[in-house]
Amino acid sequence: MKHLTYSIAILMIGLLPSRSLAQAIDIRVHDPVVIEANGLYHLFCTGMGIAHFTSTDLENWEEADPVFPEKPAWTDEVVPEFRNHIWAPDILFHNGQYYIYYSVSAFAKNTSAIGVATTKSLDPDDEGYGWTDHGIVIQSHPNRDLWNAIDPNIVFDDEGVPWMSFGSFWDGLKLVRMAPSLLEIAEPQEWHTIARRERSFELSDKNPGDAALEAPFIFKKDGWYYQFLSWDLCCRGANSTYKVVVGRSKNVEGPYFDREGKNLFHGGGSLVVEGNENWYGAGHCSVYHFKEEDYMFMHAYDAKDEGRPKLMVKKIRWSDDGWPYVRRLN
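Note that the sequence shown covers residues 1 to 330 in my numbering.
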């Protein structure tokens, strides 16, 4: 579940060996995703119209125009009187254009939809710049679906087939095969549940439930698909308990197992990062290979600043047997 806008700082530790990069920057960001284009890093995140920032060094960020200055026309059909506060995007480049997937939802309800928009360029000075919205990719409905259509992420398997992972609470995280256009689900449809936690049986289908997990992000490395996901509660300041766990599979559709061999379908997940006395929680991560290193972007709740969420960027390290870990949050 997401929140409204915040004044954010960015803490970056160990990205460059020559000096510390710990620095506060007053930007609005939550659920960050990043892409590099022509030497410039673009960060998209939860915010009005999908917030957008740029950087040349992953350290200093400048605010750019949002993706949608006005809300997409279809959104009121999903969430009446939608206010253009769009959640949890995903960004990728494929076949000569950029795709951004985004979440439209009522808070704590699976009255939700994932949309997609495209542009030829991320540079507003280019002739090819300009986002074209293609509408709904997938939609969830209360009392029909025991899953939630938010938190999308696109991954391509070894055969080049695109898949979307997504989901939050209810009965777990889903994976669905996409059409080659990346604008719709492939037919015939192919669905998988890639992570679950135990949900109390007596809860109604409309209730998000107590199986707290969301925000899958699948990262390919050395023949493995690593599914990063967030457990527990976000967006509660000092009461936030967000953490990132991981499982891996040789096949994109799973099954995914944690380091101890427990299937993520049965509640498995190996801890990657969690809160401590300085940070109440950390989660909703994205993972990329930049500058010959693997990085994790996420938000965390600063115990020294009234629990405000702040952008955290950590270099990922890998154990000898191929499991990711990051340094403790300072």
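Keep in mind the hints are simulated off the structure, nothing from the lab.
Since we're looking at a predicted model, the values are computed, not measured.
A hint or two may mislead.
As the list claims (entries may be wrong) - Label pairs and their in silico Cβ distance ranges:
{"hint": "1", "residue 1": "Pro80", "residue 2": "Asp205", "range": "18 to 24 Å"}
{"hint": "2", "residue 1": "Lys206", "residue 2": "Asp305", "range": "18 to 24 Å"}
{"hint": "3", "residue 1": "Asp157", "residue 2": "Asp126", "range": "19 to 25 Å"}
{"hint": "4", "residue 1": "His94", "residue 2": "Gln189", "range": "16 to 22 Å"}
{"hint": "5", "residue 1": "Asn84", "residue 2": "Glu187", "range": "28 to 34 Å"}
Think of the CB as a built atom: it goes at the ideal place given N, C-alpha and C, for glycine as much as any other residue.
Hints, verified against the model:
no.: 1; hint: Pro80 to Asp205: 18 to 24 Å; result: holds, 21 Å
no.: 2; hint: Lys206 to Asp305: 18 to 24 Å; result: violated, 35 Å
no.: 3; hint: Asp157 to Asp126: 19 to 25 Å; result: violated, 31 Å
no.: 4; hint: His94 to Gln189: 16 to 22 Å; result: holds, 21 Å
no.: 5; hint: Asn84 to Glu187: 28 to 34 Å; result: holds, 31 Å
Checked against the numbered hints listed earlier, the structure breaks hints 2 and 3; every other hint is satisfied.
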